[in-house]
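Participant: Below, each chain spelled out in residue letters.
Number of protein chains: 4
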Amino acid sequence: MSKVNLAVIYYSATGTNHQLAKWAEEAGKNSGAGEVRFRKIKETAPKEAIAQNKDWEKHVEAAKDVTEVSLDDLEWADAIIFSIPTRYGNLPSQVQQFIDTTGGLWSKGKLANKIACGMTSASNPHGGQETTLMSLYKTMIHWGAIIVAPGYTDPSLFESGGNPYGLSVTAGKDKLDDKIKNAVSHQVKRMVEIAGKLNA
Amino acid sequence: MSKVNLAVIYYSATGTNHQLAKWAEEAGKNSGAGEVRFRKIKETAPKEAIAQNKDWEKHVEAAKDVTEVSLDDLEWADAIIFSIPTRYGNLPSQVQQFIDTTGGLWSKGKLANKIACGMTSASNPHGGQETTLMSLYKTMIHWGAIIVAPGYTDPSLFESGGNPYGLSVTAGKDKLDDKIKNAVSHQVKRMVEIAGKLNA
Amino acid sequence: MSKVNLAVIYYSATGTNHQLAKWAEEAGKNSGAGEVRFRKIKETAPKEAIAQNKDWEKHVEAAKDVTEVSLDDLEWADAIIFSIPTRYGNLPSQVQQFIDTTGGLWSKGKLANKIACGMTSASNPHGGQETTLMSLYKTMIHWGAIIVAPGYTDPSLFESGGNPYGLSVTAGKDKLDDKIKNAVSHQVKRMVEIAGKLNA
Amino acid sequence: MSKVNLAVIYYSATGTNHQLAKWAEEAGKNSGAGEVRFRKIKETAPKEAIAQNKDWEKHVEAAKDVTEVSLDDLEWADAIIFSIPTRYGNLPSQVQQFIDTTGGLWSKGKLANKIACGMTSASNPHGGQETTLMSLYKTMIHWGAIIVAPGYTDPSLFESGGNPYGLSVTAGKDKLDDKIKNAVSHQVKRMVEIAGKLNA
Chain A
1 MSKVNLAVIY
11 YSATGTNHQL
21 AKWAEEAGKN
31 SGAGEVRFRK
41 IKETAPKEAI
51 AQNKDWEKHV
61 EAAKDVTEVS
71 LDDLEWADAI
81 IFSIPTRYGN
91 LPSQVQQFID
101 TTGGLWSKGK
111 LANKIACGMT
121 SASNPHGGQE
131 TTLMSLYKTM
141 IHWGAIIVAP
151 GYTDPSLFES
161 GGNPYGLSVT
171 AGKDKLDDKI
181 KNAVSHQVKR
191 MVEIAGKLNA
Chain B
201 MSKVNLAVIY
211 YSATGTNHQL
221 AKWAEEAGKN
231 SGAGEVRFRK
241 IKETAPKEAI
251 AQNKDWEKHV
261 EAAKDVTEVS
271 LDDLEWADAI
281 IFSIPTRYGN
291 LPSQVQQFID
301 TTGGLWSKGK
311 LANKIACGMT
321 SASNPHGGQE
331 TTLMSLYKTM
341 IHWGAIIVAP
351 GYTDPSLFES
361 GGNPYGLSVT
371 AGKDKLDDKI
381 KNAVSHQVKR
391 MVEIAGKLNA
Chain C
401 MSKVNLAVIY
411 YSATGTNHQL
421 AKWAEEAGKN
431 SGAGEVRFRK
441 IKETAPKEAI
451 AQNKDWEKHV
461 EAAKDVTEVS
471 LDDLEWADAI
481 IFSIPTRYGN
491 LPSQVQQFID
501 TTGGLWSKGK
511 LANKIACGMT
521 SASNPHGGQE
531 TTLMSLYKTM
541 IHWGAIIVAP
551 GYTDPSLFES
561 GGNPYGLSVT
571 AGKDKLDDKI
581 KNAVSHQVKR
591 MVEIAGKLNA
Chain D
601 MSKVNLAVIY
611 YSATGTNHQL
621 AKWAEEAGKN
631 SGAGEVRFRK
641 IKETAPKEAI
651 AQNKDWEKHV
661 EAAKDVTEVS
671 LDDLEWADAI
681 IFSIPTRYGN
691 LPSQVQQFID
701 TTGGLWSKGK
711 LANKIACGMT
721 SASNPHGGQE
731 TTLMSLYKTM
741 IHWGAIIVAP
751 GYTDPSLFES
761 GGNPYGLSVT
771 AGKDKLDDKI
781 KNAVSHQVKR
791 MVEIAGKLNA
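Those protein sequences? They're chains A, B, C and D, same order as listed. Going letter by letter, the first sequence gives residues 1 to 200 in the numbering used here. Going letter by letter, the second sequence gives residues 201 to 400 in the numbering used here. Going letter by letter, the third sequence gives residues 401 to 600 in the numbering used here. Going letter by letter, the fourth sequence gives residues 601 to 800 in the numbering used here.
FYI, nobody ran anything at the bench for these hints, they're computed from the structure. There may be inaccurate statements among the hints.
The calculated lysine to any residue pairs, modelled on SDA-like cross-linking and capped at a C-alpha distance of 20 Å, are [what the hints assert, rightly or not]:
| hint | chain 1 | residue 1 | chain 2 | residue 2 |
| --- | --- | --- | --- | --- |
| 1 | C | Lys575 | D | Asn724 |
| 2 | C | Lys464 | C | Gln419 |
| 3 | D | Lys642 | D | Ser670 |
| 4 | D | Lys773 | C | Ser556 |
| 5 | D | Lys622 | D | Ser670 |
| 6 | D | Lys642 | B | Ala249 |
| 7 | D | Lys710 | B | Ser323 |
Based on the provided sequences and hints, a complete structural model is requested.
Facilitator: Next up, the structure:
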């Protein structure tokens, strides 16, 4: 298996997707991927909005040293896993804003053939945990990416909510325990393994 | 509010969607809708397939006297609620087969302006409970129907899994209790109320 | 039919969706809707990005006096039609950013029961003209809106590309002629008529 | 590159998807894939329905010697391309019926890690050409397949309607010419190339 450049790209308001992304980073490193970049998507909400939610404010502070994702990270990556919360079944504006800056790379074919998948969270068990990932995959398909969602390729899937589109959690309700971590690990390792073969 | 013709149309292999549909029928009657038709979609699986699953065989027998849905039911209805399980995120072939016979009605405009929504079930919490309903709504939009999904318009939504696309359950795992029944009732009553206004 | 508050809300970079929205406004006024508000979604792209595309810069200048949409417009509206371009099959970040500010209204139930539909554009005939509208409708369903997409409820649909999810055009390729205008008018008038009945 | 087992699986009522599938078969053979199986999905419509449409009747006769797809073909395949028409934005019941028989293979993990993509047709330019493929991909993800949709990875994409989700045509309107054939070829060759690397 050849080496893989893995980008773990997340947006997190109050920390859930940051945690999922940390586990993805760990799994990537343990998989012998090669290199792993851990990147946050830039917060674009106004400070006043953030200040109204103590958990949000706290997480912004806690993650202040995480490197922000750049276009170079996309170009560099062989495999990309996104971890992002839902916004009414779609992507948060912070994520969409980053995606909207990729036109230049896209038109040069620099986003094609990436291996991609996603993880997500919502406030309700059925409040966008499936549909958000399908929206992400639409965009990935426009990029020419290869979608490696987990399906039901491992027992950890069934123990973590059984989301074939990607690991997902109910924020603030699902315990972020080993069942979730194991499913994250499986999703990442499978993706890296496939990326490694394609890179060979 | 004027009277409403409500069609409750379901497909059920092992009984879950039959139960949801029964509650929808009850809610429709209690709403003073006017008339309610309770209809099953024809089973098209071969007997040998059914015989391999005792629960399926038992339910086929238990529901043998339920009237099968006909094209006339669609034409008659002002409002339609579907209750159907997922098949890998899409509609079961039994349901699709019925839908595929509606071309004649569709081309004459007889399916336009129906009020429509759906309920569903899956084996896993995130195994198609959202995406199946969005597939149903695509078809409803092609028909020219008006989609009245519940969103988060009632506290019962939050207590039953918080599926804005329509009530859904994890078959064999979620208890079919009053929390579920209340959410079904709300979904149906809201739909009937809206249909009543449109009919006035 | 009672009076209807119709909000026409658009985002446009180079003018296509501005034109579609203008036709929607005209159709709303001609339908005797009551009041029509014509609103643009705030441009959030940096000036340097806009300056690299002369058509974009020109349109920003041309539309500088159009009132920006506010949360009050959403609360006020009985019916909302969005006109927005695709971004890789999803909503532009400008649109998503506005949507992301609606949490307060949503949690008080102020977004429920709106009548909603959308129009869109893409650079390619099959480059998101369907999927973008389905993403919009997911969000509308989370709001508790009633989706009144056109389906095939009028001959103008077939003459304008036959998009049942909402009028759409291939930006810069489809001629914005009477065929398109007629389909916009039908979509708006049907929506207003239905909203009027629900308001009665 | 190692050898690839490619299954071309289609359903066609009046011949459009049969033609697309033939081109996919040809592209597969020319790519040096290894082995290509060309398979039709069983027609399940009643003879009386078919007899009402002369083109349908004629195509059933013309394709009568094509081998019907079996579960063994799925298990055998490394890569699968589907060519199927839309039915109101979803899969035809014939296709769904075949898919509904795959539970046994699925539960043993025999559908995991296939490379998959699709092609489609609709009666209207925007009448399901995007959404049908996204419904197919949902199911493929449930299977654990790896989605290799074309995106915009070749100039032939832009010349054939620009559908990133997979080649699509407006049945009876789009000319099935070299522009279409080239896009089919690209889609298949890219898929086979990727499958070959994964098999190595």
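Participant: Checking one constraint from the list: CA of Lys642 (chain D) to CA of Ala249 (chain B), max 20 Å. Satisfied?
Facilitator: holds (17 Å)
Participant: Are Lys622 (chain D) and Ser670 (chain D) close enough, with their CA atoms no more than 20 Å apart?
Facilitator: holds (18 Å)
Participant: Regarding the pair Lys710 (chain D) and Ser323 (chain B), is the alpha-carbon distance no greater than 20 Å?
Facilitator: The hint holds at about 19 Å.
Participant: Hinted pair, alpha-carbon criterion (20 Å max): Lys464 (chain C), Gln419 (chain C). Please report holds or violated.
Facilitator: holds (15 Å)
Participant: Checking one constraint from the list: CA of Lys575 (chain C) to CA of Asn724 (chain D), max 20 Å. Satisfied?
Facilitator: holds (18 Å)
Participant: Take a quick look at whether Lys773 (chain D) and Ser556 (chain C) sit within 20 Å of each other, Cα to Cα.
Facilitator: holds (18 Å)
Participant: Please work out if Lys642 (chain D) and Ser670 (chain D) have their alpha carbons no farther apart than 20 Å.
Facilitator: holds (9 Å)
Checked against the numbered hints listed earlier, the structure breaks none of them; every hint is satisfied.
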